[in-house]
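Residue numbers (my numbering): 1 to 300.
SDA-like mimics (lysine to any residue), calculated; alpha carbons at most 20 Å apart, straight line:
(1) Lys170 <-> Ser205
(2) Lys300 <-> Glu270
(3) Lys112 <-> Ser132
(4) Lys275 <-> Lys300
(5) Lys288 <-> Glu239
(6) Lys300 <-> Gly223
(7) Lys300 <-> Phe192
(8) Lys170 <-> Cys200
(9) Lys288 <-> Cys204
(10) Lys300 <-> Asp214
(11) Lys275 <-> Thr180
(12) Lys170 <-> Leu282
(13) Lys112 <-> Ile65
(14) Lys170 <-> Tyr87
(15) Lys118 <-> Asn135
(16) Lys170 <-> Asn202
(17) Lys118 <-> Tyr33
(18) Lys112 <-> Phe127
(19) Lys275 <-> Ala217
(20) Lys275 <-> Ile212
(21) Lys275 <-> Val191
(22) Lys164 <-> Ser132
(23) Lys275 <-> Asp193
(24) Lys275 <-> Thr265
(25) Lys112 <-> Glu159
(26) Lys112 <-> Leu82
(27) Lys118 <-> Thr48
(28) Lys164 <-> Trp201
(29) Lys112 <-> Thr79
(30) Lys164 <-> Cys204
(31) Lys112 <-> Glu76
(32) Lys170 <-> Ser197
No lab work stands behind these hints, which were simulated from the structure alone. Note that the structure is predicted; figures quoted are calculated from it, not measured.
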Amino acid sequence: MKRFLMRLSALLSLLVLTGCLAEDYDVGVPRAYLHADDRLRSGPMQLTEANVTWSSSSGHVTETIQDIEEFGLSQETTTVSLNQPAYLEFEENEENGGDIWTNPEITASLWKDGEETKLELTDAREFRFPQSEGNYALAVEFIDRDNTAQYAGNIVIEETPAQKAGELPKYTFMEMPSITKVNSEDPSGVVFDHIYSEVCWNDCSFNSGYDISDVHAGDVEEGDSIVVDWGMMEPQPSEVVLIEIDNDGEEVSEEIGLSDNSSITIDIVEQDLGKQYAIQYLWQDGEKLIGQSSLNFKLK
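Please work from the sequences and hints to get the whole structure.
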């Protein structure tokens with residue numbers, strides 16, 4: 001009898017656990033939020049469900065929208081600035097619980113006058129709004145196995161008063177240059193040790209030069225290449241200066257990058273080992289310096 005009760009108790013526990021797992025895993029349509037950190041906005045914006053085909057233990061949901069642009073523009077307006085960073089967040093419905101997604105496919109795009117502009121999302125679902133002003137319909141698609149949910153929002157992109165006055169976007173809004181080490185083992189490149197920092201921004205009247213950063217040296221071998229790319233920066237810098245620094249921290253050479261270049265490649269030879277480099281990015285308004293940043297790295 002005792003053994004029977006123990007088996008019954010174990011069976012009941014298993015059934016309860018199985019039920020919980022099924023409920024946690026098989027839930028309804030998630031909620032989608034847009035986070036845009038800017039003084040023009042306050043708090044996340046919940047996106048509206050558009051085209052949905054979703055089956056779960058909570059039931060089957062089907063919604064059809066014929067024109068996603070028209071539907072998106074009918075939603076409450078959200079204002080963002082040029083090149084503003086943002087990210088997408090998805091939450092399960094409050095009436096359902098548990099971790100519900102394994103590896104969903106998520107895409108986002110902007111619609112204007114019948115034309116679609118795809119947004120580049122990072123693995124963390126981060127992106128930047130474009131540099132073009134206007135009223136756009138935001139369309140976000142979430143695909144998890146056989147379930148699909150589309151969301152819409154109404155986005156107005158406009159210059160901030162500072163941008164209209166000719167100032168640069170906030171430093172935190174600017175894309176950073178990328179720096180990678182490329183070799184036969186990693187032909188696509190791996191991130192190389194570096195420090196990227198602001199020197200002055202929108203008020204450079206005090207600036208009298210730059211400080212050489214103490215940077216951790218990254219491992220390189222003869223035959224490797226260091227590739228620095230700033231093509232994603234908007235606006236592009238007016239000048240790019242490559243500075244070579246010796247072991248005593250003294251500048252030994254300087255080269256101004258051409259205005260039509262957006263990357264620099266350094267092919268490593270034995271004599272380069274131990275060198276440090278500083279790449280200075282300069283933004284100018286006529287003769288006036290309005291922004292400067294610095295990328296520092298050292299070869300070990």
